[in-house]
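J.: Residues per chain are reported as follows:
Number of protein chains: 6
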Amino acid sequence: MKRVLSRGLFIGRFQPFHLGHKASIDFALSQVESLVIVIGSSQKSFEARNPFTSGERILMIKESLNADVDLDQKRLFIIPIPDINIHSLWTAQISNSVPKFESVFTNDEFTNMLFKEKGVKVIVPPLHRRHELSGTAIRNRIVNDLEWLNLVSPQTAVVIDDIAGVQRIKKLSLLDPHFNG
Amino acid sequence: MKRVLSRGLFIGRFQPFHLGHKASIDFALSQVESLVIVIGSSQKSFEARNPFTSGERILMIKESLNADVDLDQKRLFIIPIPDINIHSLWTAQISNSVPKFESVFTNDEFTNMLFKEKGVKVIVPPLHRRHELSGTAIRNRIVNDLEWLNLVSPQTAVVIDDIAGVQRIKKLSLLDPHFNG
Amino acid sequence: MKRVLSRGLFIGRFQPFHLGHKASIDFALSQVESLVIVIGSSQKSFEARNPFTSGERILMIKESLNADVDLDQKRLFIIPIPDINIHSLWTAQISNSVPKFESVFTNDEFTNMLFKEKGVKVIVPPLHRRHELSGTAIRNRIVNDLEWLNLVSPQTAVVIDDIAGVQRIKKLSLLDPHFNG
Amino acid sequence: MKRVLSRGLFIGRFQPFHLGHKASIDFALSQVESLVIVIGSSQKSFEARNPFTSGERILMIKESLNADVDLDQKRLFIIPIPDINIHSLWTAQISNSVPKFESVFTNDEFTNMLFKEKGVKVIVPPLHRRHELSGTAIRNRIVNDLEWLNLVSPQTAVVIDDIAGVQRIKKLSLLDPHFNG
Amino acid sequence: MKRVLSRGLFIGRFQPFHLGHKASIDFALSQVESLVIVIGSSQKSFEARNPFTSGERILMIKESLNADVDLDQKRLFIIPIPDINIHSLWTAQISNSVPKFESVFTNDEFTNMLFKEKGVKVIVPPLHRRHELSGTAIRNRIVNDLEWLNLVSPQTAVVIDDIAGVQRIKKLSLLDPHFNG
Amino acid sequence: MKRVLSRGLFIGRFQPFHLGHKASIDFALSQVESLVIVIGSSQKSFEARNPFTSGERILMIKESLNADVDLDQKRLFIIPIPDINIHSLWTAQISNSVPKFESVFTNDEFTNMLFKEKGVKVIVPPLHRRHELSGTAIRNRIVNDLEWLNLVSPQTAVVIDDIAGVQRIKKLSLLDPHFNG
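Listed in order, the protein sequences are those of chains A, B, C, D, E and F. So for the first sequence, my numbering puts the first residue at 136; every next one is plus one. So for the second sequence, my numbering puts the first residue at 136; every next one is plus one. So for the third sequence, my numbering puts the first residue at 136; every next one is plus one. So for the fourth sequence, my numbering puts the first residue at 136; every next one is plus one. So for the fifth sequence, my numbering puts the first residue at 136; every next one is plus one. So for the sixth sequence, my numbering puts the first residue at 136; every next one is plus one.
There could be a bad hint or two in this list.
What the hints assert, rightly or not - If you anchor each label on the Cβ, the simulated ranges turn out as follows: (1) A:Asp296 - C:Leu281: 45 to 51 Å; (2) C:Asn285 - A:Leu310: 25 to 31 Å; (3) B:Thr271 - A:Ser165: 42 to 48 Å; (4) D:Lys253 - C:Lys251: 44 to 50 Å; (5) A:Asp296 - C:Leu206: 42 to 48 Å; (6) D:Ala299 - B:Arg276: 50 to 56 Å; (7) D:Lys253 - E:Glu267: 53 to 59 Å; (8) A:Ala202 - C:Arg264: 52 to 58 Å; (9) F:Ala183 - D:Val257: 17 to 23 Å; (10) A:Lys305 - C:Asp218: 21 to 27 Å; (11) A:Leu310 - E:Lys251: 45 to 51 Å; (12) F:Asp218 - B:Ala183: 29 to 35 Å; (13) C:Asp218 - F:Glu244: 28 to 34 Å; (14) A:Gln302 - C:Ser141: 26 to 32 Å.
What the hints assert, rightly or not - In silico DSBU-like pairs for lysine-lysine, Cα to Cα no more than 30 Å straight-line: (15) B:Lys251 - A:Lys253; (16) F:Lys253 - C:Lys235; (17) F:Lys253 - C:Lys251; (18) A:Lys306 - F:Lys235; (19) B:Lys256 - E:Lys253; (20) E:Lys251 - B:Lys251; (21) B:Lys235 - B:Lys256; (22) E:Lys251 - B:Lys253.
By construction, these hints were calculated from the structure, which means they are not laboratory data. Just so we're clear, the structure is a prediction, and the values are computed from it rather than from any experiment. For glycine and all other residues, C-beta sits at the position ideal for the given N, C-alpha and C.
Put together the whole structure using the sequences plus the hints.
T.: Right, here's the structure in full:
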């Protein structure tokens, strides 16, 4: 297949990085020469919806992609970007934080909306097993002691184990959402 | 009626600017020589409750008031003010951002409370058709395809049309309130 | 009892300062030579869950502890610390804002979790009458005109009276949680 | 002369508003249908280079322009914009804070550079008496008790007088530039 | 001497706390019933002009004042306040961070100016040996290996020794003022 | 040579990325298994000392390292980190933004000082041609039309050319350092 685009963006929060993300990255890499993986809300961690730090999420992604022998690391950028909390500036913040790109790959409706508003081409990667392969679903399975290791890469599982991530997610799920209550 | 006050403040979010706002401004202008229209939460946009940018809201207000031949533009200031997120400093932030004023016109209970706490005179403009003429009600009508054009000025309607605002409000209403989910 | 630790931290929001806080401070002072009382979320006020400013909370604590003739003021620090909103940096912010300490006293699960994650010793003071002696319970009693003066020190009661705090809490409880609605 | 542009931006700090600014605004209004006057660094005040608050500067501009009987107030917006302190986002912040525009009028080299980088048309208004008609020059004359009233509008002079602005500028000029030394 | 004021503020940066500060505090305590010692620029540290953290400065002050047997600790508050970087809001930030006060004691011209602008009574404590007893002078003496221990309390000297503060000040004095050059 | 450390950090601003940086990275990679290249002050750009955006600097580094056939991309992380402007929190911010590390490689005295203060092992890579191979020297050569292409990788040169970086550096060098003057 002929690649028509030179550089794309794939945006997610990766809480945690899972097989759905891996499939989307593979899809995007079939369309573009190089791909920037943007770790959104990078400043968030230790919240029920955002348990992992930016450093932990970078490690999950990097180790998982390192294990794919077919993937040329030279084509990949992994860039954490903190929220700017001014929605109308968010696309500008991303554009200034990464090398120039021509298209955005995302399954997030809001990201889709904001980039389209600025005239950027948005591509929605096909989703497989979307109800299982979502961060929310995986965190819920962890909280409820259901099987989840089959939904993430072995490398992600190792990172989560190293930081006692299962315990962390369970504790955060019990906390009052209002910090410091 | 004799005007006893030299300058007043009218504070709102104007999401969007509607005929209730226009009536309150007319009321305030009957009481004061000059009026500062403060666009609160100016940094917010692309949220279900705050769909419009500061620039878009300024345009709605300015074009609507320009169309009123009885209104002397020299008496009006339109000033956007971002949230400071420290409630106890909010009145100080406003005072430093606008020309000196003697009174505040507002229908918002919280604004009322904070200014009274600082000893500022607060006047509550009479509300007509308060259940229809509110930003929340108008956004809900737009989402549900109910008639709403009769609740705003023709100029506001043009601004909303120019930016595909109806579509924007509908999309935002469907999104998970947690950005980047 | 032999004191084995030189300095401890007691962290709370003190909305308002109540007898449960006083008991925890007494407990902590039985364990350490000097104690830093950290007023968390110091930037918050005029919210239903955080009605009092940092200055008001400092006054409640200081006046209440001044009244305890058995307590040596030289052993006490009272330090307000604003939220940093990046959870993974919160313990670092506290450590840089207070004199060196060896242990943390807290009944808050989240504070407990974050300090343990950094390897800091956390001690949970015994709670007496925990359902009554909580900020949330006391604010609810105030809203509902139930007896609450027996749950705080006379000095806290005076501070609340001086600032018309009962009225403030009642008003805040009625407001739309979304500021500037 | 035929106006080819629908809306322009004129950006300055207006410390204080002077006759050079007025001439540039007149020039810009000869080129565009409506003009947005952007008050940059709006958050700054009580500094040697930025003595006046946003509210004071808005008042200088508004009162000065109100006095021009040939000028139609309906064509004018006056919008304060705080610095974002991330240079690469500054043009995006402006674009989101004002109604859509096609061109920028500025004598500031840096503003010129940033907008050109984004592909926006920049027009440099002709400068008359540029060594006299600059904020820096006027503040210096005030500090040194030289004639300056002929360099500003009578309305600006009244605002400065009302707030004891001459004294303020003199005091600020004597202070160590490092606040809280 | 009759005390006419109930509560005063003494504002400094305390880089480091020295005998001049102690004399000013003694003077202020002769005028007011209770005194709030405000540690300004509390967020700054590891800069040539601001070498010490907030926690270190609090400890210097507290330990020094604890050693004064004539001083009743119940009359004293020690409150760190970070810069807000919006000069026109600085007095409001202080007012919301401390218990109510009637007067401000300060030798800083800028602090003096800002509070007077808001109508607050400002008292300038008499300065003894002002050329020696200033933070700048003491830091310079430390850098140049001149005698300085006679200019601070023994308690301040101990805190500085515990953190290897002499070394820190010397290193910072050699660094390019532009961080991360 | 036996590698004793598992992961190291190399911190710079990379304005621009030059052959000195490349040599330091090669040195660090001889000591550790994997290396995190931290792009400091990532939020800065369009300043005389910080002309390039984070996205531009990432591209310079990535393309330059991609061209080194002996370098295994799997061992490398490239992570931009914005300044936190609270020096005492800077090391904590870095630690939370990157995967766990055991050592820091840096030629910057201040970075060295802050990490040592926290007990982190700091290694100073040997510097070759230190007067030529510095960002400041290279920017100065560009401003003065002296030879500089031999001091950077061909890939850095291409990035600078693509964005008209020579022109940008020259323009920024002429500007008043005070933005918006």
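J.: Determine which of the earlier numbered hints do not hold for this structure and return their numbers in increasing order.
T.: 15
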